[in-house]
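Participant: Fit chains B, C and D to the known structure of chain A by using the hints.
Single-letter residue listing:
Number of protein chains: 4
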Amino acid sequence: MLNVAIVGASGYTGLELIRILHCHPEVAVTCLTSEQSAGRKISDVFPSLRGRCDLLLENLEPVRVAEKADLIFTALPHKAAMEVVPTFLKLGKKVIDLSADYRLSDPAVYGEWYEPHLNPANLKKAVYGLPEIRRAKIKGAKLVANPGCYPTSIILGLAPLLKKGLIHPHSIIADSASGVTGAGRAAKVDSLYCEVNEGYRAYGVGGVHRHTPEIEQELSLLAGEPLQITFTPHLVPMDRGILSTVYAAPLKELTTAQLVRLFEEFYDGEPFVRVLPQGCLPSTAFVRGSNFCDIAPLVDARTGRIIIVSAIDNLVKGASGQAVQNMNLLCGFPETTGLDGLALFP
Amino acid sequence: MLNVAIVGASGYTGLELIRILHCHPEVAVTCLTSEQSAGRKISDVFPSLRGRCDLLLENLEPVRVAEKADLIFTALPHKAAMEVVPTFLKLGKKVIDLSADYRLSDPAVYGEWYEPHLNPANLKKAVYGLPEIRRAKIKGAKLVANPGCYPTSIILGLAPLLKKGLIHPHSIIADSASGVTGAGRAAKVDSLYCEVNEGYRAYGVGGVHRHTPEIEQELSLLAGEPLQITFTPHLVPMDRGILSTVYAAPLKELTTAQLVRLFEEFYDGEPFVRVLPQGCLPSTAFVRGSNFCDIAPLVDARTGRIIIVSAIDNLVKGASGQAVQNMNLLCGFPETTGLDGLALFP
Amino acid sequence: MLNVAIVGASGYTGLELIRILHCHPEVAVTCLTSEQSAGRKISDVFPSLRGRCDLLLENLEPVRVAEKADLIFTALPHKAAMEVVPTFLKLGKKVIDLSADYRLSDPAVYGEWYEPHLNPANLKKAVYGLPEIRRAKIKGAKLVANPGCYPTSIILGLAPLLKKGLIHPHSIIADSASGVTGAGRAAKVDSLYCEVNEGYRAYGVGGVHRHTPEIEQELSLLAGEPLQITFTPHLVPMDRGILSTVYAAPLKELTTAQLVRLFEEFYDGEPFVRVLPQGCLPSTAFVRGSNFCDIAPLVDARTGRIIIVSAIDNLVKGASGQAVQNMNLLCGFPETTGLDGLALFP
Amino acid sequence: MLNVAIVGASGYTGLELIRILHCHPEVAVTCLTSEQSAGRKISDVFPSLRGRCDLLLENLEPVRVAEKADLIFTALPHKAAMEVVPTFLKLGKKVIDLSADYRLSDPAVYGEWYEPHLNPANLKKAVYGLPEIRRAKIKGAKLVANPGCYPTSIILGLAPLLKKGLIHPHSIIADSASGVTGAGRAAKVDSLYCEVNEGYRAYGVGGVHRHTPEIEQELSLLAGEPLQITFTPHLVPMDRGILSTVYAAPLKELTTAQLVRLFEEFYDGEPFVRVLPQGCLPSTAFVRGSNFCDIAPLVDARTGRIIIVSAIDNLVKGASGQAVQNMNLLCGFPETTGLDGLALFP
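Protein chains in written order, with our numbering: chain A, 174 to 519; chain B, 174 to 519; chain C, 174 to 519; chain D, 174 to 519.
Just chain A, with the same shape it has in the complex (with noise of 0.2 angstroms):
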């Protein structure tokens, strides 16, 4: 049994997490902290967890956290997770962040698009959690950098085209679009029910959304060289999901059937990534709740341009699910436990 602790529970990721992990037999979660709400029943702030889940939430001190489990998720904001997460590596404990912190390679580059970074020495050890393109390495590393939502559901959308090289690298436009969790739990005018409801909005245009580093950085790697993209998100009035569709120029004339298989080869094999076939597209949806990602590839016969859909539960593979899934890949459990529900639908 693998003693787990969640750092930041108090959070929709770390609930999310709760949830999966509460069906994972090889697990126990041991530790719950939150800043806000230390001293409660995590049952008491998220009642859904009544009578499964009645841990008391602790004050973050990473020694006793480390104390208390073998593998550690930490669900804080960026900057905060950085703070903490040299004790427990240096305990000797896994670490799974689902923050920036350790996405970005590149100290520099994390600096230009949040802060100063506290803890280079780390970063060179961290391994970019996305197991469809990494898992070999995610298997030895110590700690997992997992990845954001939007990344997530482009780099899947377009890995199969940048490795083979089929699409030109400065030619991409990711449009995408979340539900709200994605905001967070944070008490704001802005993710208030009556401000998000009935209303559909693009957000951080014009290349400053934070994601966009981390998703130049990875399909850079698949191309093979540096590349820049357009990335524009918006706001849908729903909890979960995010859909992506991107559009790029091929290098060569492909069909549509053609794009299909070409990603049914590349995905072969892969637990969480569903390749739809042609005529078939993908919505949130059908992926809630669950750790699938869900991919459409086509071509626009009339202009030629390359289109992706691809769609993701933002809380599962574009977070939890997904660091779960990590998880298993980290401590030598088969790669699905825990991971097997199916989506909710409606």
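Simulated from the structure, these hints should not be mistaken for lab results. None of the values given here were measured: they were computed from a predicted structure. One thing to keep in mind: the hints can contain errors.
Note that identical chains are pooled: a pair holds if it fits in a single copy or bridges any two copies.
Unchecked claim - For lysine-lysine, the following BS3-like pairs were computed, each having C-alpha atoms within a straight-line distance of at most 27 angstroms:
# : residue 1 : residue 2
1 : Lys214    : Lys361
2 : Lys315    : Lys425
3 : Lys263    : Lys298
Facilitator: Structure of chains B, C and D alone, referenced to chain A:
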């Protein structure tokens, strides 16, 4: 391994059975039928299932279905169920019927609210499948009449009070609200997104909703005398969930604390009923996707009335989850098998 | 042209006043105040107003406000209203107060449910602004206490019955549900999109909601004797709307047809009350954005209970629309001026 | 007083015409037709109208309709419109057609995307009714082809750039999202509440949506050369609204500030186009129920791409509001008459 068929698999309760049984270690789903979509794969109807359950939907030929399964869930409209259930029973199969056809023990009452009953013989053998009230009988049953969604929420909310004779049997008013899955998956203008969204309304007001006699039958049995209630259903713009707010006049003075204790004792050991501590109230959001019924009993100190608020997921504890709970009882599996999943929140 | 100020303009009822008054031919909005957003343009707070109402939000300095306006709408939280209303009145201004501060005629009752009343002197001058019940008095008033949203829906639903002595005054149960604008625009976790969406819940159960004494005061006046009710509010995942389902025991036997006729006669000529024909039921969707109150009275023939279902838009007939209706009465404008707009459906 | 008929009144655009015209001082709605609901009152179909518009719905007999009206709005599906419009024109009536039948000036293109055109003669007389682009021609028209919803949002977003020759005509990608009213009011499983809610998806991907040739026709005219675009529509779980995010490659380097100034000049004096200041982005929530088109043009400084975000209410500026704007131009009423209403937010 128990082979199971789902008759009427292309509706929401059919899909929910597939979702729940997918994680049930003792069961194999071997046959799915659908009148509208026979010949298609279930995963083409519900893309959430793709790659996990891709069975072909068959026409409903009872003998063929019975050949493939030991136990059959009938998730059909009323009348359609009692047209096939007798064949299943005759062939020695166990049946859990999710329709209304075997819930009313008196065929005359069925005739009054629906139409003439076609199969009164089997009515006597049917057990009303509310485990918290009738667990022993369910264990030995051949035919379980799975309760309606509104009835489940209301009966569980009133059982402790009626059993102990604490309320006036003729004082009961049940004001309930349901998500839109309760209306099924038929293509009707009234169920269109834009007709339902951003609106809240009552329907079937004035004692005309067909769940009324089912509720009264079970409450009368609990009370030990015939009673009638006022039941008002409402439609809420959300997918899942039923919340019932039930009013009754006490026969003796009680405090909220006493009520809570009474309910805790009554439901002590029940795996799927959570009596909330004083000061907490249920929400459908906290049971979504789970088999829980959350109940808060309290007293309006100013008027003396007792108020019970209870919440379930109408597709789980109100339909398919309860059906699996009944299957577990019928087949000797631990009662919670396959039903451990926590609610999906948000 | 009447110059009008809106004090507390950056909340939802303030915005709704601006929206309605924008099409009122006799009124100019000359002053808006906001404690949180003073110095910003109202159209920066609410971009829906851009290009049509771009006034600067001011700090609330009562004397300056009074200089700019003949009539003042106070859309403030309780207590904040009674801190400024006396100044406005002293300076000879007419005031329509949308808070709870002048609704309860007995300051002791106010003290019991809120806190000690700061301005009992003006309480006596305040007229409870429900035009259908108290039109004559409103016309001559200096200070109108604009009714609460729940009270409006419940009082209009019961007035004909209580006035005619047709129901038992102590039998009333009001089960109501509100959209989320009812919770205001404060940044609270409980009002976040993901906390509210896809959930339905009761709150303030057991006679503790502060609208209770307001409802009881007005119903008691209508009944001619003091009465108490059981009132249960619920929260619906939608922006706007209140629907109340009210139960009462009749003092003599009545049919639905008789009830409908009675209500039609009682509300004959009322521009904003629509008594629905037998067989029709209201929905909040059909009054959204309009000043209507739709009412369906009926009898549950099986139990004999009377059931009234009434629906309003909580921000219009339940707040700002009713306030404009009161302004029209106060100022001698035709009562429906500015309130002709049809509901926005869908 | 202008007598007006609405042919196809029981759909959402028909209802929206009634709602808008109800507050238009120069117009009387004298005739409503509906194939499905003829013989019923429009207020029985749409209870929001009760007491304000209770006209009987008639069968569509063109000559009878023409007798009752000076101007006719045809809110029919494509093909059905061109079956009756010739009769109306022959009888000397003005027609504003909300279908696609007269939008494409080349009948061969219509034939390619829809079916053989039945009335090419009148095609030549039809004026594409986008007032901001073609106001002068609309004033003298007998037949106005009211633009589609997606095209309105995209053409208004690109007109200044194409007119000034600032972007590469073949670089345009339009990524749009619509509320569910865009799918109409037909009873289809795909439009059911539970199928749409909590899901976001693309549809008609790859240059197959029928609005594509309409958009291309108008953009080509603006550019002065034939062009093709990539257009991807998405479905958002909300009632109303379209937001388009449009990407293009600039022909010379521009800053966001320059773009905003260019758009402000281009749309100077336009009553219904709001160019947002730098730093602001549109939301469908801020135009809901109003005739505005909100536009934010900006430059992605990192990649050099131009991005235009534009938002409308698909039923107002995208259909019925624009139709009334066209009627005002055609009939010599002030252009904004009946269209002054502010957006309903929240």
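Participant: All the hints need checking, so say for each whether the structure fits it.
Facilitator: Consistency of the hints with the structure:
In this assembly of identical chains, the alpha carbons of Lys214 and Lys361 lie at most 27 angstroms apart whether taken from the same copy (24 angstroms) or from different copies (20 angstroms). For the homomeric pair Lys315 and Lys425, neither the shortest alpha-carbon distance inside one copy (41 angstroms) nor that between copies (49 angstroms) is at most 27 angstroms. In this assembly of identical chains, Lys263 and Lys298 lie within 27 angstroms of each other by CA distance solely inside one copy; the values are 13 angstroms within and 66 angstroms between copies.
In the structure shown, a violation is registered for the earlier hint numbered 2 alone.
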